[in-house]
Amino acid sequence: MPTVRLQLEPSLEPSDYPYAHTLRVRFAETDAMGIVHHSRYLPYLEEARVEYLRHLGHPYTELRAEGVDYAVLEAFVQYRQPLRFDDVVQVHLRLGAATRATFQMGYLLTVDGVVRATAVTVHGCVNAEGRPVRMPPWLLALGD
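According to the numbering used here, the sequence shown holds residues 1 to 144 in order.
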């Protein structure tokens with residue numbers, strides 16, 4: 001049986017997250033009832049992660065140029081209330097537990113302050129060949 005790495009319990013309080021990214025739900029991301037399809041949540045998390053790294057002064061393109069990539073090892077989403085077409089979503093995120101080569105991120109998705117979903121992703125630091133590498137010190141220092 002595979003090892004589960006998820007250890008982070010996402011908070012339901014937006015103030016517990018140091019960063020938030022805003023996005024608007026597009027019509028193409030919804031079903032016939034105007035509800036966001038479950039598969040669209042992972043790209044929302046990815047978009048927020050990439051913007052968080054840019055906000056920290058370490059854009060993803062720079063990290064990749066330095067030979068470090070962040071493979072998603074696990075992902076968990078708890079859907080609490082549906083997102084709908086044209087909702088303005090705040091994707092709050094924070095870095096959780098970190099080791100020398102892995103880290104977790106916690107997410108809280110809200111619309112007008114109402115919790116719609118929580119999520120956790122686990123990432124492994126790898127090189128271009130997919131081999132584990134040490135996490136950059138600046139990222140390790142941000143962990144819980």
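These are computed hints drawn from the structure, not numbers from a lab. A couple of the hints might just be wrong.
[Claimed, not checked] What follows is a list of derived Cβ distance ranges for each label pair:
(1) Gly-130 to Phe-85: 36 to 44 Å
(2) Ala-141 to Arg-40: 15 to 23 Å
(3) Arg-84 to His-58: 17 to 25 Å
(4) Glu-74 to Tyr-19: 15 to 23 Å
(5) Gln-78 to Tyr-19: 14 to 22 Å
(6) His-58 to Gly-130: 19 to 27 Å
(7) Ala-75 to Arg-26: 35 to 43 Å
(8) Gln-7 to His-58: 43 to 51 Å
(9) Gly-143 to Gly-34: 36 to 44 Å
(10) Arg-54 to Pro-137: 28 to 36 Å
(11) Arg-54 to Gln-7: 24 to 32 Å
(12) Pro-14 to Ala-97: 16 to 24 Å
(13) Gly-57 to Gln-81: 45 to 53 Å
(14) Asp-112 to His-38: 29 to 37 Å
Here a beta-carbon is modelled for each residue, glycine too, at the ideal position from N, C-alpha and C.
Evaluated hints:
Judged by the Cβ atoms, the range 36 to 44 Å given for Gly-130 and Phe-85 holds: they are separated by roughly 37 Å. Taken as a hint, the range 15 to 23 Å is violated for the pair Ala-141 and Arg-40, whose Cβ atoms sit roughly 32 Å apart. A hinted range of 17 to 25 Å for the beta carbons of Arg-84 and His-58 is inconsistent with their spacing of about 33 Å. Look at Glu-74 against Tyr-19: about 21 Å separates their beta carbons, and that is inside 15 to 23 Å.
For the pair Gln-78 and Tyr-19, the beta carbons lie near 20 Å from each other, so the given range of 14 to 22 Å is met. Between His-58 and Gly-130 the C-beta distance comes to about 21 Å, which sits within the given range of 19 to 27 Å. Here the CB-CB span from Ala-75 to Arg-26 is close to 21 Å, at odds with the stated 35 to 43 Å. As the Cβ distance of Gln-7 to His-58 is approximately 24 Å, the hint placing it in 43 to 51 Å is violated.
In this structure the hint that Gly-143 and Gly-34 lie 36 to 44 Å apart at CB holds, the actual value being about 38 Å. For the pair Arg-54 and Pro-137, the beta carbons lie near 19 Å from each other, so the given range of 28 to 36 Å is not met. Distance hint check: the CB atoms of Arg-54 and Gln-7 are about 26 Å apart, consistent with the given range 24 to 32 Å. Separation of Pro-14 from Ala-97 is about 21 Å and conforms to the stated range, judged on CB atoms against 16 to 24 Å.
Range check, Gly-57 to Gln-81: Cβ separation about 34 Å, and the 45 to 53 Å hint is violated. Between Asp-112 and His-38 the CB atoms are about 21 Å apart, so this pair departs from the stated range of 29 to 37 Å.
Hint check: violations occur at hints 2, 3, 7, 8, 10, 13 and 14; the rest are consistent with the structure.
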